[in-house]
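These protein sequence lines map, in sequence, to chains A, B, C and D. In terms of my numbering, the first sequence has 270 at position 257, counting the first letter as 1, and numbering is strictly consecutive. In terms of my numbering, the second sequence has 23 at position 10, counting the first letter as 1, and numbering is strictly consecutive. In terms of my numbering, the third sequence has 288 at position 275, counting the first letter as 1, and numbering is strictly consecutive. In terms of my numbering, the fourth sequence has 52 at position 39, counting the first letter as 1, and numbering is strictly consecutive.
Mixed in with the good hints, there may be bad ones.
Heads up, the list lumps identical chains together, so a pair's fine if it works in one copy or across two of them.
[As the list claims (entries may be wrong)] List time: in silico SDA-like cross-link candidates among lysine to any residue, alpha-carbon distance up to 25 Å:
{"#": "1", "residue 1": "179", "residue 2": "289"}
{"#": "2", "residue 1": "323", "residue 2": "312"}
{"#": "3", "residue 1": "301", "residue 2": "39"}
{"#": "4", "residue 1": "301", "residue 2": "142"}
{"#": "5", "residue 1": "25", "residue 2": "320"}
{"#": "6", "residue 1": "323", "residue 2": "313"}
{"#": "7", "residue 1": "323", "residue 2": "56"}
{"#": "8", "residue 1": "301", "residue 2": "215"}
{"#": "9", "residue 1": "323", "residue 2": "206"}
{"#": "10", "residue 1": "48", "residue 2": "326"}
{"#": "11", "residue 1": "329", "residue 2": "206"}
{"#": "12", "residue 1": "301", "residue 2": "313"}
{"#": "13", "residue 1": "184", "residue 2": "215"}
{"#": "14", "residue 1": "179", "residue 2": "52"}
{"#": "15", "residue 1": "329", "residue 2": "164"}
{"#": "16", "residue 1": "289", "residue 2": "248"}
{"#": "17", "residue 1": "48", "residue 2": "298"}
{"#": "18", "residue 1": "289", "residue 2": "245"}
{"#": "19", "residue 1": "48", "residue 2": "197"}
{"#": "20", "residue 1": "25", "residue 2": "63"}
{"#": "21", "residue 1": "121", "residue 2": "261"}
{"#": "22", "residue 1": "194", "residue 2": "225"}
These are computed hints drawn from the structure, not numbers from a lab.
Protein chains: 4
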Amino acid sequence: MSPRASNTSAKKTYSYLGPEGTFTELALAQVAEAKGANHRSVAHVQEAIDDVISGRAFRAIIPVENSVEGGVSATADALAITENVRIYGEYLVPVTFDLVARPGTVLKDVRTVSTHPVAYAQTRAWLSANLSQHAHLPATSTAAAAAALLDNDFADAAVAAPTIVKHYGLKTLARNIGENKNAQTRFIQIGLAGPMPEPTGRDKTSVIVELPTDRPGALLEMLEQFAARGVNLSRIESRPIGDRLGRYRFNIDAQGHIADSAVSEALMGLHRFSPKVLFLGSYPRADKQKSVHEGNNSNVEFADAASWLKQLKAGK
Amino acid sequence: MSPRASNTSAKKTYSYLGPEGTFTELALAQVAEAKGANHRSVAHVQEAIDDVISGRAFRAIIPVENSVEGGVSATADALAITENVRIYGEYLVPVTFDLVARPGTVLKDVRTVSTHPVAYAQTRAWLSANLSQHAHLPATSTAAAAAALLDNDFADAAVAAPTIVKHYGLKTLARNIGENKNAQTRFIQIGLAGPMPEPTGRDKTSVIVELPTDRPGALLEMLEQFAARGVNLSRIESRPIGDRLGRYRFNIDAQGHIADSAVSEALMGLHRFSPKVLFLGSYPRADKQKSVHEGNNSNVEFADAASWLKQLKAGK
Amino acid sequence: MSPRASNTSAKKTYSYLGPEGTFTELALAQVAEAKGANHRSVAHVQEAIDDVISGRAFRAIIPVENSVEGGVSATADALAITENVRIYGEYLVPVTFDLVARPGTVLKDVRTVSTHPVAYAQTRAWLSANLSQHAHLPATSTAAAAAALLDNDFADAAVAAPTIVKHYGLKTLARNIGENKNAQTRFIQIGLAGPMPEPTGRDKTSVIVELPTDRPGALLEMLEQFAARGVNLSRIESRPIGDRLGRYRFNIDAQGHIADSAVSEALMGLHRFSPKVLFLGSYPRADKQKSVHEGNNSNVEFADAASWLKQLKAGK
Amino acid sequence: MSPRASNTSAKKTYSYLGPEGTFTELALAQVAEAKGANHRSVAHVQEAIDDVISGRAFRAIIPVENSVEGGVSATADALAITENVRIYGEYLVPVTFDLVARPGTVLKDVRTVSTHPVAYAQTRAWLSANLSQHAHLPATSTAAAAAALLDNDFADAAVAAPTIVKHYGLKTLARNIGENKNAQTRFIQIGLAGPMPEPTGRDKTSVIVELPTDRPGALLEMLEQFAARGVNLSRIESRPIGDRLGRYRFNIDAQGHIADSAVSEALMGLHRFSPKVLFLGSYPRADKQKSVHEGNNSNVEFADAASWLKQLKAGK
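The following block holds chain A by itself, in its conformation from the complex (with noise of 0.2 Å):
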């Protein structure tokens, strides 16, 4: 067998925020292109990116905003200080809740639940309400806390995806116990830059974004750069810098594609005004809705105004 062949027919890796069992793998399973790839479940989110940097995955799913919790901050401060790297799609699944225990367990028995602390704010009222005693053990994912429910009895209960049940000898003590029944994960896809998806018309492009330091109504002047282009927010977060107190960055999802002649132009924009901005790619939306640009900022119309600039450049 010739190294071509080997080559070809080595599977791609896609790195997930594990263990197995948690909500990133139902993202996970959304992804066309990574049916029959490797799956390698990591510990944290930076690990993820690790190993896309590194070459060891090709991708790697990581969530990235919770409808209940907000922005996942471990995600967006990762980005935020890594180079190189660019979202190529955005997947959303829903967050359901179950308690699950070891077999024999009944649900008056529980003293002590474990689970995410994300996942505990999301049924904190239902466990207060039905175990009113209970303690919170933290654990870092829901899969975790489930997982180690077989290996010691520090907790009684956990807090975990529906699946979970599937992947451990655990069994379910109540369904659904969330507080927001329509409550989302949004996860994204990351990758090393490289081609980005092409433009669907129903796009979403991310940057990050610093402000110029004390000037007062840079936020205001900011958002202008896409007003003035009539480019709409989906979504708009900050996150403190870290260096000191009260210098933010702003995780910004913004409609449109790169290719677009309005967003474009914004990202120029940006970049002029901004002391630092951080492309992280235009991918498809999730909820394949149009991403239509306010007023006259079609590429058509833009095209029209290049074309008169031109003509009068040159005189005419």
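We have chain A; now place chains B, C and D onto it with these hints.
Here is chains B, C and D on its own, set in the frame of chain A:
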């Protein structure tokens, strides 16, 4: 002894996010009027808020922002759904981390380090360099991680505030291991709505504002409510409303006091513009810097404009 | 008869930009309260303003805007340097022009046409087509041009309002020769500052605003004083301040009445922002259209916001 | 001599708003390339524009702005309806007025003063003080008023430029009688569209922009097209479009040259935003002041942003 005398002599209670030995205790130590009062340690932010609402505590001290990890989302979200609570003061506490262990433990023996995830994020660089093989056991607070060292041997060391060794029989293995030597946490003092601190010229006003739905440019319009009155923002932080992805509320600290005309007009502007705006209070800035309203927006200018208007209306 | 009775029976005087037979007379005819009063024809706008200031006239009717030629700059500039004068009403007069001549003159005999430069601009197309060799003799008004035909033979014909033939022994050579068949002139009724017309929901407020010097974006900031309160402008016209090139004042008509909260707050905003703002009055719109304030800026919303603020300040 | 050689040697013609002896002639004297060319005096602004369009003149010099009286509306309106004409330069002329009369006339004999209405407005204060009983006879220009003194005796004196006595047998009765001693008139040189003056760093770009109909805040949006690219305006003047009251076009002078990236992007933004935008040219400023684009909007910053974008699009 009359009941009245008894009432008068009864000490007020200040709840704080405990346990003893956390950074919140250092913030509480800055609250002059809490000297000699009862100090009540609570397990989480919601419990502190509940103490205030039920009257169990007169006031509570809770963390609100950390220069490294950003807004303490539990506080932001709890305040957003609470009526009738106000902020009465803010306090800055330098954040330095030590590594502590049971007496007899030496650095090279440490395999598992327990601490709160935020503290872990701030010390991971040092831990990775000096304890490359360590595992992290999350805890609900740095103090809880330290206290647990004396209860069980799940962890070998804890990352905690330097003062922790005053409360527990632990010894310090390494000092000041945090990445950011200027890190600070900002705490607030909350209480039931009542008379506000007097304006000092160095004040801050906090609000939580929801944006009108599905209106492109709504954030920009909201910011213009401040800009049109020359009011600068010292902090803006988005948090998901939680009913579905894509809906945000904004936690805002504006410079100035509700008694300042520029601020009160901006607040009324927000009230008209926003489907929901929550006033959290006006209180002196911890950094003691002057709160200047840009442009001609002093109280004197506002008063001049009001008497001019009055004259015009009187037909003069 | 007592002086007092005499005073009571004395008729009020309405000055108007004359002479008799101009369009201003048609505007005066729309002023209900001027029926049966003294009508005093004056030679120029400043004289009309002087009549009002000196008390010689109770009110004066002067042109302020012409849909073809723009602002009547003499009026705009005279008002800008006058204190204590207010606008009490506005009136729209359709502008149609006829060519008139001495009896016996026929069209082909006309060599020289006299009229006011504004009227000439509006009829030049017809005159060029029908009297290709004509010369233009400028006059101070269309009526003066017509009257002069009977005094001397410098001109053979005049362009004037159709009603001119009621005042002078002239005949009409051609009707409705203006280029723009929808042309209108807008007139205002001015008087000394005093009680304003009551708000009708269909009102207009006029101001003259200077911009702060040498501040890029000052015009934008000024417009935001209106926008932040949802007040729409129906007219904005720049005029040079006159001390040097590059300095402008803006004559602005905003929708709404000073009794509307949105308008009064915007006025106070202008007063703080601008080095000089002149209030010219609130009065019913001639076009009878409703003056809607954009967004949530009704009086009810303003009152709600004010009582909300009052409660907050009371510590509730 | 061949016709071709003849053509080559033929002098170019510069039309100017005459007659001889007006301020426009002083502007023409500032045009270096017009030295030794044919100078053609025309009767009104439209004739000058027609000369340029028909090719009768290579260029024309016309007044565009007067620091006392504002925009010369005939010029603004004529340019607004003309295609294919460009501004090639601007010139500032100090405006001083003298009172001139036929030899033998003394001041106290003067009953009727003839002059252009603009000049009359600027000298009315002096005339009222020194000739309290005088009448005003309007003329099409100051020079025409002066020339007519020798043709007929309708007027006894004329207000005109000091140089008028070089052209006509008149004598000066009083010097520098204008109210504003710093008055200036700004003139422009127009020609058919062709190669533009090179950028000098001290340039100006003129456009005429219509606003989208019935869109509150359209003026603000238009101004943001400049602001988002840091382009300052040195002049904005509204003129009625003329089809009905309430519709305006804006004559704008922006700092910078179409060859400056900030200006060209702003122009394209206007082209998309506005139903009609007319480019009048980029040319050196008469006041020789530097045209700075606010913020980070230099050509270098634009080029950096463009190459950054190019790299991003290439997937790097």
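Each hint, compared with the structure:
no.: 1; hint: 179 - 289; verdict: neither (45 Å within a copy, 44 Å between copies)
no.: 2; hint: 323 - 312; verdict: both (16 Å within a copy, 17 Å between copies)
no.: 3; hint: 301 - 39; verdict: within (19 Å within a copy, 50 Å between copies)
no.: 4; hint: 301 - 142; verdict: neither (38 Å within a copy, 44 Å between copies)
no.: 5; hint: 25 - 320; verdict: neither (45 Å within a copy, 32 Å between copies)
no.: 6; hint: 323 - 313; verdict: both (15 Å within a copy, 20 Å between copies)
no.: 7; hint: 323 - 56; verdict: neither (54 Å within a copy, 36 Å between copies)
no.: 8; hint: 301 - 215; verdict: within (6 Å within a copy, 45 Å between copies)
no.: 9; hint: 323 - 206; verdict: between (33 Å within a copy, 13 Å between copies)
no.: 10; hint: 48 - 326; verdict: neither (53 Å within a copy, 28 Å between copies)
no.: 11; hint: 329 - 206; verdict: between (42 Å within a copy, 6 Å between copies)
no.: 12; hint: 301 - 313; verdict: within (22 Å within a copy, 38 Å between copies)
no.: 13; hint: 184 - 215; verdict: neither (41 Å within a copy, 58 Å between copies)
no.: 14; hint: 179 - 52; verdict: within (17 Å within a copy, 48 Å between copies)
no.: 15; hint: 329 - 164; verdict: neither (80 Å within a copy, 46 Å between copies)
no.: 16; hint: 289 - 248; verdict: both (19 Å within a copy, 19 Å between copies)
no.: 17; hint: 48 - 298; verdict: within (20 Å within a copy, 55 Å between copies)
no.: 18; hint: 289 - 245; verdict: both (21 Å within a copy, 22 Å between copies)
no.: 19; hint: 48 - 197; verdict: within (23 Å within a copy, 46 Å between copies)
no.: 20; hint: 25 - 63; verdict: within (16 Å within a copy, 52 Å between copies)
no.: 21; hint: 121 - 261; verdict: neither (46 Å within a copy, 38 Å between copies)
no.: 22; hint: 194 - 225; verdict: between (40 Å within a copy, 23 Å between copies)
In summary, the structure is inconsistent with hints 1, 4, 5, 7, 10, 13, 15 and 21 from the numbered list given earlier, while agreeing with the others.
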